[in-house]
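Chains as they are written, first to last, in this note's numbering: chain E, 1 to 152; chain W, 1 to 152.
Source of the hints: derived by calculation from the structure; they are not laboratory data. Mixed in with the good hints there might be a few duds.
Note that identical chains are pooled: a pair holds if it fits in a single copy or bridges any two copies.
Here are the computed lysine-lysine pairs in the DSS-like style, where the Cα-Cα straight-line distance is at most 30 Å [unchecked claim]:
| # | residue 1 | residue 2 |
| --- | --- | --- |
| 1 | Lys103 | Lys145 |
| 2 | Lys145 | Lys122 |
| 3 | Lys128 | Lys145 |
| 4 | Lys122 | Lys103 |
| 5 | Lys122 | Lys59 |
| 6 | Lys59 | Lys103 |
Protein chains: 2
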Amino acid sequence: MTSATARKSKGGDADELERMIHAWTQAVQARDADAAVADYADDVRNFDLAPPLQHGGRKTIRDNLQGWFATFSGPVGSELRDLKIETGGDVAFAHGFNRIHGKRTDGSETSVWIRLTLCFRKIGGAWKVTHEHTSVPFYMDGSLKAAVDLTP
Amino acid sequence: MTSATARKSKGGDADELERMIHAWTQAVQARDADAAVADYADDVRNFDLAPPLQHGGRKTIRDNLQGWFATFSGPVGSELRDLKIETGGDVAFAHGFNRIHGKRTDGSETSVWIRLTLCFRKIGGAWKVTHEHTSVPFYMDGSLKAAVDLTP
């Protein structure tokens, strides 16, 4: 629970989704790929920071996460900001910023704010992530460089 | 209506949202900024291709679109693929790919597949876009270049 979280949908579902999202950041911090995808639908569709355009399925996302965690020499920092959650019936979505930070195995330091959109459906009585979209914008100045130096 | 569109939520709402999304692509093709934001909530939050991390409000998005349209010398091509729509109660979301293409005023040709996530809430009986997230991934090879050369 963080004061940085606003909700348009009050009540049990928004609380539950907020807990899920914070549990996900804790799983990332602990570099626990299985826990990080525990609430993902089997056929989740992920638009990720890295190519290709989409990554499909919980197993693929789990394996990608495990490979990514291995590029950090310590914990993977994950700091949420300006998270908004909207729920209605069996569908919900959340969007906000996430600062990923930590020391990499090559000795460099990573600290980047990314945009995060999570879309949920209640399946068999439990909320599952069916779509995830993470990104940074890119500079339109001809360099086409990813804008990894922005702050919210 | 296109055969490239799959739906997990059958019925009137998904049909209505599909019509809205196709109307939006037609507004883009016609470079009509007012029509392109007709179904956006006043306080829509946009994670766009270009910095900053977020753009807020329908008026800002309209003005950004108008500036962007002015960089094309002719129509702005918009081709949707693999669009999935999920609805439930008063909340819905859609995700897929969109190929933006056309001739720019500097003589260059643009053709890029982007990822598109649209999140909706029914406000006063009408579906409105309350969140939009468009992006391309970027190469993790040290170049940090936006991946504008991918196909779905």
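What hint numbers does the structure not satisfy? 2, 3, 4
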